[in-house]
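So the protein lines, in turn, are chains X and S. Anchor point for the first sequence: position 72 equals 72 in the working numbering, and the numbering is continuous, going up by one each time. Anchor point for the second sequence: position 52 equals 52 in the working numbering, and the numbering is continuous, going up by one each time.
Think of the hints as simulated: they come from the structure by calculation, not from any bench. Since we're looking at a predicted model, the values are computed, not measured. One or more of the hints may lead you astray.
[Claimed, not checked] Looking from chain X toward chain S, a few residues come up when the C-beta cut is under 7 Å (computed):
1) F10
2) V50
3) G53
4) Y64
[What the hints assert, rightly or not] Covered stretches of chain S, as calculated for chain X (at least 3 residues, CB under 8 Å):
5) 16-24
6) 27-36
7) 66-79
The beta carbon of each residue, even a glycine, is placed where N, CA and C say it ideally should be.
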Amino acid sequence: NAGVTQTPKFQVLKTGQSMTLQCAQDMNHEYMSWYRQDPGMGLRLIHYSVGAGITDQGEVPNGYNVSRSTTEDFPLRLLSAAPSQTSVYFCASSSQWAAVHSPLHFGNGTRLTVT
Amino acid sequence: AQKITQTQPGMFVQEKEAVTLDCTYDTSDPSYGLFWYKQPSSGEMIFLIYQGSYDQQNATEGRYSLNFQKARKSANLVISASQLGDSAMYFCAMRETTGTASKLTFGTGTRLQVTL
Chain X
1 NAGVTQTPKF
11 QVLKTGQSMT
21 LQCAQDMNHE
31 YMSWYRQDPG
41 MGLRLIHYSV
51 GAGITDQGEV
61 PNGYNVSRST
71 TEDFPLRLLS
81 AAPSQTSVYF
91 CASSSQWAAV
101 HSPLHFGNGT
111 RLTVT
Chain S
1 AQKITQTQPG
11 MFVQEKEAVT
21 LDCTYDTSDP
31 SYGLFWYKQP
41 SSGEMIFLIY
51 QGSYDQQNAT
61 EGRYSLNFQK
71 ARKSANLVIS
81 ASQLGDSAMY
91 FCAMRETTGT
101 ASKLTFGTGT
111 RLQVTL
């Protein structure tokens, strides 16, 4: 009963370092997405994908890269971390069928601190 | 313009009382979905309830109901018989199709505190 699995749970980076946040789902969902959550701002969409090989930008894509080589995995890459990227990151997935009517299933989040 | 507006940053309610959390939305798309999520202090996002734009009746899930007023573009969450475990952040969200994808947009949330 894994659902959406995110790793790591916590991460501390120095400015300029790179890292990849991992996300995997076992529900055969076509749609996957990454959000960041900052105090007072709700969750904001970074990038999303509607299937393997297809990705697109959300509301706040700058500083982040994604790829989708398989249905199951959707990693988020920070190429050169900045203090402004300190946040809690959530991966979420859903069935693309019945699109607007499908709730997103969320991972447990990754708390990232950039010093 | 904000797509989802939650005007109550914080709310208090006594145990066993009902509480309404407000949410208004903005869209010109006739087909959309409205969702409420709960985020307890442990941080996970828990899906609570869904309302489709074409649904004639208000959605209900146990103690949760969604007061859907389409003409006013509001989708308020009603929690009946509040429990201490209901203390959490609550997010309203709307899913609509733009281009090839149906993206979910969140409001800024309401922090609910249930007191004895």
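Checked hints:
{"no.": "1", "hint": "F10", "result": "violated, 11 Å"}
{"no.": "2", "hint": "V50", "result": "holds, 5 Å"}
{"no.": "3", "hint": "G53", "result": "violated, 13 Å"}
{"no.": "4", "hint": "Y64", "result": "violated, 16 Å"}
{"no.": "5", "hint": "16-24", "result": "violated (count 0)"}
{"no.": "6", "hint": "27-36", "result": "holds (count 4)"}
{"no.": "7", "hint": "66-79", "result": "violated (count 0)"}
When the structure is compared with the earlier hints, violations turn up for hints 1, 3, 4, 5, 7 and for no others.
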